[in-house]
Amino acid sequence: MKKFLPWIGLLSRLILGGVLLAAGLLKYQHLDKSQMAVRAYEMLPIALANFLGIILPFLEIAVGVLLVIGAAVRISAIVGGVLMGAFMIGIAQAWARGLSIDCGCFGGGGQVEPGTANYLPELLRDGGLALLAIYLFRYPQSKFGLDRHKTDGDQSNG
Amino acid sequence: MANQKPGKDNFTRNLVIAVVVGVVLIMLVPTLLSKQTNTSAKIPASVSAERGYGIVFNDELKGVPLIEIYEDFQCPVCAQFEKLQGDYIESLISAKKATVVYHTLSFLGPESINAANAAACSADEGKFLGYHRALYANQPAENTGVWSNDVLGILGQAAGITSKSFTSCVNNMNYKGWVSNAAAAGAKANVNSTPTVFINGKEIDRKTEYFNADKFKAAVERG
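These protein sequence lines map, in sequence, to chains A and B.
Mapping to full-length UniProt numbering: the first sequence position 157 is 157, numbers consecutive.
Mapping to full-length UniProt numbering: the second sequence position 79 is 79, numbers consecutive.
Careful: at least some of the hints might be erroneous.
Listed below are several chain B residues computed to face chain A (Cβ distance under 7 Å; list not exhaustive) [stated by the list, open to error]: (1) Ala187; (2) Asn190; (3) Ser193.
Read the hints as simulated data drawn from the structure, not as lab findings.
Even glycine gets a Cβ: it sits at the ideal position worked out from N, Cα and C.
Build the full structure now, drawing on both the sequences and the hints.
Laid out in structure tokens, this is it:
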């Protein structure tokens, strides 16, 4: 079993990192829309939401790149996991309050026609990605990464 | 990995991390700065910075409803809104029965920025309302490359704008800074979809009042 762990790690890194990188790049192309997406959750003061709408794509790109190339995997996994947790809280509260918004997960965002929002698949997807982040935090060793690991495999300097 | 020399391996890894984080930070700073309101940006005729860099009609009237419209020229729902309510809003302007502020947002992409800039140029010619109408009447699908500055310049003819100053204003993107200021003001006003209409500072009911001529009229008269 132990010898498969690095391969599972590689797969987790590529999926979580790839999704974050794609999401960040798509948001980066339309930063006005990204700010709008964060505002539409109605959780933060407007100024803070606008600031976060600019910062978020950059954070996603950085963490995504680090995960894909396998550098600082453990820290990146923590940040990725916290992001997924925050997204899930945001989507869940929007659902519970009956807001009609586009999650803005991969660009887009803002209000949508009442009744067209579909929150469950988004929550499940982010939940799955959060599990990958937890896995990478627990077992950060993986194939083709830049991080160096002690031979017992359980410790990491990431 | 484990059989590589530790020193070398860590150096490469740390270098890569530093480069990734560094590049992202270097990209972030100018982006943040570009979102700041540039108070020295050139503004077109009849624009008021106090009114969120909107294009204002009948600013001087007192005791009439204040209608603020946030729109993006590429947004299809905005074109529907214009088709249904445009004549009525223009009649309010010409009859001096309301103060109307057009906020031209540009979050749908580069052609929205081109169109907003061109609309500002038309305001300088005193033909904003006609050009506004012409843009929606000729709205292409989003970001298909149709609304180049050349096309937007020619479209001026549909609004009776023939001057050279208009085409050069459109081609030189004279009001690019203003377009970005208007977008930032829309973000501050918490506008999360287009069109968004505020009457006397309050958004009208999204479910019923946007696309029903009678209800919209009632909302304006209610004030």
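With chain A as the partner, please determine if B:Asn190 meets the hint condition of a C-beta pair closer than 7 Å.
5 Å, holds
Tell me if B:Ser193 is really an interface residue toward chain A, meaning its C-beta lies closer than 7 Å to one of theirs.
4 Å, holds
Under 7 Å is the threshold here; is the Cβ of B:Ala187 close enough to any Cβ of chain A for the hint to stand?
5 Å, holds
Consistency with the previously given hints is maintained throughout, with no hint failing.
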